[in-house]
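S.K.: One line per chain: the protein sequences are U and W, in this order. Its first residue numbered 1, the first sequence is counted upward by one per residue in my numbering. Its first residue numbered 1, the second sequence is counted upward by one per residue in my numbering.
Where chains are identical, the list cannot tell them apart; a pair therefore holds if satisfied intra-copy or between any two copies.
Calculated pairs, BS3-like style, for lysine-lysine (alpha carbon to alpha carbon, straight line, at most 30 Å):
#	residue 1	residue 2
1	K71	K119
2	K119	K91
3	K405	K162
4	K91	K71
5	K119	K346
6	K346	K417
7	K20	K65
8	K91	K65
9	K162	K20
Hints were generated in silico from the structure; no laboratory data involved.
Protein chains: 2
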Amino acid sequence: MMKAVRNAPSEAIDRLLNPKSIAVVGSLREARFGGYVTASNLLRFGYAGRIYPVNPQYDAVLNLKVYPSVKDIPEPVDLVVTMAGATAVPKIIADSVQNRARAAIIVSDGFSERNDDGKRLQEEIRRIASGGGLRLLGPNTIGVANPSIGLITTPYRVTYEKMITGGIALCAQTGLIGPQNMPLEETHYGLSKMCDFGNKCDIDEIDLLDYLAEDPDTKVIAMHLEMIRDGQTFLKTARDVVPRKPVIVLKPGRTRESQRAMASHTGSLAGEDLVYEGAFKQAGVIRVDNFRDLIDIPKVLATQPLPRGNRVAIVTISGGAGVMAIDVASAHGLTLARLSSATLDKLAAVSPVLASNPVDLGPGLPAYQVPGGIASRFPAMIEAILEDENVDCLGMACPWGVRGKIAELFGPMVQRKKKTMAVWVAGPSLAIAEEMNRDFEAIGLPTYSDGDAAIRALAVAVRYARIKAGFS
Amino acid sequence: MMKAVRNAPSEAIDRLLNPKSIAVVGSLREARFGGYVTASNLLRFGYAGRIYPVNPQYDAVLNLKVYPSVKDIPEPVDLVVTMAGATAVPKIIADSVQNRARAAIIVSDGFSERNDDGKRLQEEIRRIASGGGLRLLGPNTIGVANPSIGLITTPYRVTYEKMITGGIALCAQTGLIGPQNMPLEETHYGLSKMCDFGNKCDIDEIDLLDYLAEDPDTKVIAMHLEMIRDGQTFLKTARDVVPRKPVIVLKPGRTRESQRAMASHTGSLAGEDLVYEGAFKQAGVIRVDNFRDLIDIPKVLATQPLPRGNRVAIVTISGGAGVMAIDVASAHGLTLARLSSATLDKLAAVSPVLASNPVDLGPGLPAYQVPGGIASRFPAMIEAILEDENVDCLGMACPWGVRGKIAELFGPMVQRKKKTMAVWVAGPSLAIAEEMNRDFEAIGLPTYSDGDAAIRALAVAVRYARIKAGFS
Chain U
1 MMKAVRNAPS
11 EAIDRLLNPK
21 SIAVVGSLRE
31 ARFGGYVTAS
41 NLLRFGYAGR
51 IYPVNPQYDA
61 VLNLKVYPSV
71 KDIPEPVDLV
81 VTMAGATAVP
91 KIIADSVQNR
101 ARAAIIVSDG
111 FSERNDDGKR
121 LQEEIRRIAS
131 GGGLRLLGPN
141 TIGVANPSIG
151 LITTPYRVTY
161 EKMITGGIAL
171 CAQTGLIGPQ
181 NMPLEETHYG
191 LSKMCDFGNK
201 CDIDEIDLLD
211 YLAEDPDTKV
221 IAMHLEMIRD
231 GQTFLKTARD
241 VVPRKPVIVL
251 KPGRTRESQR
261 AMASHTGSLA
271 GEDLVYEGAF
281 KQAGVIRVDN
291 FRDLIDIPKV
301 LATQPLPRGN
311 RVAIVTISGG
321 AGVMAIDVAS
331 AHGLTLARLS
341 SATLDKLAAV
351 SPVLASNPVD
361 LGPGLPAYQV
371 PGGIASRFPA
381 MIEAILEDEN
391 VDCLGMACPW
401 GVRGKIAELF
411 GPMVQRKKKT
421 MAVWVAGPSL
431 AIAEEMNRDF
441 EAIGLPTYSD
451 GDAAIRALAV
461 AVRYARIKAG
471 FS
Chain W
1 MMKAVRNAPS
11 EAIDRLLNPK
21 SIAVVGSLRE
31 ARFGGYVTAS
41 NLLRFGYAGR
51 IYPVNPQYDA
61 VLNLKVYPSV
71 KDIPEPVDLV
81 VTMAGATAVP
91 KIIADSVQNR
101 ARAAIIVSDG
111 FSERNDDGKR
121 LQEEIRRIAS
131 GGGLRLLGPN
141 TIGVANPSIG
151 LITTPYRVTY
161 EKMITGGIAL
171 CAQTGLIGPQ
181 NMPLEETHYG
191 LSKMCDFGNK
201 CDIDEIDLLD
211 YLAEDPDTKV
221 IAMHLEMIRD
231 GQTFLKTARD
241 VVPRKPVIVL
251 KPGRTRESQR
261 AMASHTGSLA
271 GEDLVYEGAF
281 KQAGVIRVDN
291 FRDLIDIPKV
301 LATQPLPRGN
311 RVAIVTISGG
321 AGVMAIDVAS
331 AHGLTLARLS
341 SATLDKLAAV
351 SPVLASNPVD
361 LGPGLPAYQV
371 PGGIASRFPA
381 MIEAILEDEN
391 VDCLGMACPW
401 GVRGKIAELF
411 GPMVQRKKKT
421 MAVWVAGPSL
431 AIAEEMNRDF
441 EAIGLPTYSD
451 GDAAIRALAV
461 AVRYARIKAG
471 FS
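Modelling step: build the complete structure from the supplied sequences, incorporating the hints.
M.R.: So, in structure tokens, the structure goes:
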């Protein structure tokens, strides 16, 4: 990790993520990519601030007045977003400085990730911005999102209409986390802020850690980091944030081959993996192994109370699934809760075969699958488990019988937030499973693609609870 | 692993999986579970053999004549399926012997997995069947499926209409693999045979290995095994099968806690995990870690030619995804292919930024997303990579621009079966991704939920190719 001179922290990051006004610079042709798409995304997602499209060839677009240049906009804007060709960017940044803009997102590619000319160009815009007090995100980024104000800067069309406001801040050195690539609405994924660092010529993980630590909407910070520019400061900042909010990091580049590939796509150098590994441990940063975990694991931390211990109860729809869940639990530091005799009695009152942990719904499953039938007893079983003082967290497979009644049956239970829960729904229809997952997410219960993923998420919650306790 | 006396191999397993006639014994009430559901599933899925519902209280159901007992059926049936209560089963098995039936599936639970009475009951039916030359599957099983003849014995309603015939044989000690729990149609999952062993009182993994090794429809055998009854014979059989067909095994029970849970749900004892680990290696059996891998990894082996080496080409829609894919590839024994200059030239002719491995579609992605636009050049790029003699296998992310044209654009390429391929589709709509995945599966290209899973599947193909070469 290199040391670097840092720009002074400022509320410019707040302007980047909570802008009152945005200039959109780039092609305004109606297409699948570009300034037109960004402007129309902002309108569709209900962004209520002022939008200033910039392009010398237009007078108006999408019922918005178009300005020939950023410096012609009649107020200093909080944020400039540009997708103009790389060689046009220095002029746009200079214009933005003249406008007294606070932050600029450079969507355009062809900078340090491309070649030496690109490197020089990137250095040039960095210098212009730095001299003019303008903070830069990118280049080579799809920018930011903030669902609570309808902020979305991606220059790609998004196939849905709504982002969900929630507790997860996602930051990455890739546009994979952008709304154009994530089924945020279909999965009811609750986002507080999203930020793609791109080439990270200025704004970086430390700026965002600083900001997100204070952001009341953010409950958990998830970051994909190919390189960390200033290791010392990152660690210091992370140690400061971790006692307040969990920090989950995906750090690729475990091998020489991937390190070379990273250098070519963001023009950045990666450090030794073992150095990162040790540093993360020291700072209480939780490292995950793949992109799916980076996206899914934070859900349990964003919505659930922290577990007080590592004793897990497991509800499955098959004995075989229960065994697999125990394997995963043991491998990740959880232990199988011994249900109290009161709980066992309550379960046995529904059916004698239920009185154990894992609670296997399998033998009586047909009954649970009937809507309105014994399904109505299922939440009471879950409630009994959650009230058991021998249980710290619960991984719950959910039978289909509760379909359409999830809010009604589980909503009140979730409000009481007794224990850490993670849910999975399986079955012969993807569409039905997705609908039920959405319903669970909507009431604040995190869902996972299978028991394996749900149990691993609970294990991370246990781990974070210990890390947090260690700091206090 | 215990040694056990084995029933003589016979074509009874063929009668189990290719029955010409089936007796269905159990409740014929129209419900969500039971004999009625099994009989109606058989009719819905187009089973063309003779179906004999058995129940003393009915004359006819679903336009089928009902018989009071199995022994009243006017021909010896190939297969009896019973979901009658456990205590009624010995009589049904005796009747089946009297009918000279060949095989029986005991769906009913309440046997060795329940308590000592159940253990005795299980021993009793095993003895009756064994004396009468009747092979038993179960108890405590959802039975078998064979899509090529519309055979499906699950007593649960299935929400779809069609099973897909393909090269994967799935066997398990859990009903999780059953059509009632798997979105087989929505994912176009190509099954040759499915068999849930249940409590394994008779028919077991060795019977199925023997049978599936000779089954021309089966290209790859995937087994979930909580216990292996006769370790020596299993190893001997597996060593014989592995040079012909890959055998993928999920063996849970890595920990004491999960071993205890296994004992309670199938009444079986598990052996030491390390013994299994060594034995699998010796026999060339490939072990996977979780249920999802057991289901998904065989797809590449069922549909793709084996790779000649471990050099992987990667096509991504983002540089960041490329880096992650390389990490996974390196960790699993693949190496990044050095594309030939001819291939690099062909890629550069589309766009200079494409001329590398991973091939990152990201910078020009908007163009690929346009249906009918530059998307039409994408298959030629893929063809060039597949023709490169430095490439053994290809992990391919697919942009949405080819949506609706997958068969047309990729079909001919797949026919030529040049190299091992695995595909993943990502994006903001689950429904669109699922549709594209289905289209790829329908032309014989295996799809995975992300690059990570696709690359790991390719690595297993490389591993199996080496195992196979080692045997020859």
